[in-house]
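Student: So the sequences go chain by chain: V, C, R and S. In this text, residue positions in the first sequence follow the numbering used here: the first is 1, and each later residue adds one. In this text, residue positions in the second sequence follow the numbering used here: the first is 1, and each later residue adds one. In this text, residue positions in the third sequence follow the numbering used here: the first is 1, and each later residue adds one. In this text, residue positions in the fourth sequence follow the numbering used here: the first is 1, and each later residue adds one.
Treat the hints as calculated values from the structure; they're not laboratory data. Worth double-checking, as some hints may not be accurate.
[Said to hold, decoys possible] With a straight-line cut-off of 25 Å between C-alpha atoms, the simulated PhoX-like cross-links for lysine-lysine are:
hint, chain 1, residue 1, chain 2, residue 2
1, R, Lys91, V, Lys110
2, C, Lys110, S, Lys44
3, V, Lys98, R, Lys44
4, V, Lys91, R, Lys110
5, S, Lys44, C, Lys44
6, V, Lys44, R, Lys44
7, C, Lys44, S, Lys98
8, C, Lys110, S, Lys98
9, R, Lys98, V, Lys91
10, C, Lys98, S, Lys110
Protein chains: 4
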Amino acid sequence: MDELIRAVLRFRDEREWRQFHNPKDLAISIALEAAELLERFQWKTPAEVAIALQDEANRRRVGEEIADVLILLISLADAVGLDLVEGARAKRHENARKYPVERARGNARKYHELE
Amino acid sequence: MDELIRAVLRFRDEREWRQFHNPKDLAISIALEAAELLERFQWKTPAEVAIALQDEANRRRVGEEIADVLILLISLADAVGLDLVEGARAKRHENARKYPVERARGNARKYHELE
Amino acid sequence: MDELIRAVLRFRDEREWRQFHNPKDLAISIALEAAELLERFQWKTPAEVAIALQDEANRRRVGEEIADVLILLISLADAVGLDLVEGARAKRHENARKYPVERARGNARKYHELE
Amino acid sequence: MDELIRAVLRFRDEREWRQFHNPKDLAISIALEAAELLERFQWKTPAEVAIALQDEANRRRVGEEIADVLILLISLADAVGLDLVEGARAKRHENARKYPVERARGNARKYHELE
């Protein structure tokens with residue numbers, strides 16, 4: 001991952017794209033790429049999604065959309081001076097606190113509805 | 001990152017949430033979290049964004065939204081059987097092909113408009 | 001509808017909000033409200049959605065999110081100087097051309113896949 | 001508007017598309033079309049947006065994306081049995097209550113921050 005982050009930022013800097021990478025437009029881009037990812041599942045029942053994902057070309061395309069979002073997250077984290085992996089680790093710890101195993105097990109409710 | 005991925009999946013499995021993690025709803029969640037991230041920048045000019053990000057509490061909140069998206073990307077990649085980091089690496093290589101340094105330098109146009 | 005459009009614009013002008021209503025931030029707002037609308041259906045199967053919509057309070061909340069999107073569409077159309085209803089009418093005519101009844105009947109495919 | 005709503009629903013029924021129009025997928029479609037609308041403004045400063053919108057072709061494309069969202073809102077309101085215009089009217093009244101003129105004038109803050 002460290003290597004990926006370095007590669008993504010080097011890619012940006014070699015093309016002198018940092019000037020375009022203001023946080024607001026990066027956040028817009030993330031929302032737009034998330035929409036393209038979601039588009040892959042539109043108008044499909046869960047069963048149809050499962051079948052579609054057995055097709056290697058479909059899975060590859062889903063993978064490419066996931067990658068687009070990840071690359072933009074790396075860019076945005078850098079643009080606002082945050083450590084992407086460290087931030088996710090902290091968030092996961094907070095989630096562990098909000099969703100204790102014994103209460104959240106097999107339960108899809110939001111934390112404020114858990115008690 | 002490997003450790004983060006393992007922790008995210010262990011968190012899910014301890015709560016027996018895999019049953020809820022169908023790819024379509026995970027993709028919806030990613031779009032919704034991306035919207036929450038974008039909300040942090042709404043109604044702000046680029047200058048106002050820069051000022052807001054100097055505030056530690058604001059930056060931390062942006063970091064939490066970024067983390068939410070990353071954690072869901074990890075979950076979706078696992079649900080469809082894809083390697084998140086490997087996929088991003090492949091995509092970055094493809095981007096390097098589509099945006100050659102000499103043509104893309106300082107240029108925000110899309111690859112199909114580059115020449 | 002004409003009355004609604006006038007009421008929405010009067011609401012905006014009485015509060016002197018036109019200064020904030022630049023098209024880019026209105027488009028962001030539409031995307032964010034669309035996400036809140038989608039959130040109402042998250043983690044639900046089609047059958048669970050149907051049940052949830054029989055609950056009057058749930059339906060009212062969906063209606064409020066739909067209304068939020070419509071009000072913002074009215075504001076954006078005005079901000080860019082477009083006639084909302086006329087534009088939708090023109091688009092519908094174009095759709096009728098792209099999706100001829102005899103070929104599109106009972107068929108969810110996109111127009112470029114119809115032939 | 002009444003005429004537009006009738007035309008949109010007739011368009012759907014002539015193609016026997018009602019079977020595909022479950023509320024969840026319509027809400028996904030609205031989010032995706034809202035993303036396409038937002039894409040028109042991506043990577044542009046407010047000043048660049050203003051210039052782009054003086055171009056007739058650009059404005060027409062923005063109008064088409066707005067129309068796509070409106071047509072889907074009409075379809076979703078029908079699918080869940082709600083009156084689109086009536087719902088927006090009710091929401092506007094609620095907004096008038098949440099944002100009293102004297103407190104909200106020239107003020108972009110959210111209602112829960114107003115006092």
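Student: All hints are to be evaluated individually against the structure, with a verdict given for each.
Tutor: Going down the list of hints, with the structure as the test:
1. The hinted pair formed by Lys91 of chain R and Lys110 of chain V fails the criterion: a straight-line CA distance of about 40 Å is larger than 25 Å.
2. Using a Cα cut-off of 25 Å, the hinted pair Lys110 of chain C and Lys44 of chain S holds, with the two alpha carbons roughly 14 Å apart.
3. Note on Lys98 of chain V and Lys44 of chain R: the hinted pairing holds, with a Cα-Cα distance of about 22 Å set against a maximum of 25 Å.
4. A hinted pair counts as satisfied when its Cα atoms are at most 25 Å apart, and Lys91 of chain V with Lys110 of chain R does not qualify at roughly 40 Å.
5. Only pairs whose Cα atoms come within 25 Å are accepted, and Lys44 of chain S paired with Lys44 of chain C is accepted, the gap being roughly 14 Å.
6. For the proposed pair Lys44 of chain V and Lys44 of chain R, the alpha carbon gap of about 14 Å is at most 25 Å, so the pair holds.
7. Between Lys44 of chain C and Lys98 of chain S the CA atoms are separated by roughly 22 Å; this keeps the pair inside 25 Å, and the hint holds.
8. For the hint pairing Lys110 of chain C with Lys98 of chain S, the CA-to-CA distance comes to about 43 Å; that exceeds 25 Å, so the pair is violated.
9. A hinted pair counts as satisfied when its Cα atoms are at most 25 Å apart, and Lys98 of chain R with Lys91 of chain V does not qualify at roughly 47 Å.
10. For the suggested pair Lys98 of chain C and Lys110 of chain S, the alpha carbons sit about 43 Å apart, so the restraint of at most 25 Å is broken.
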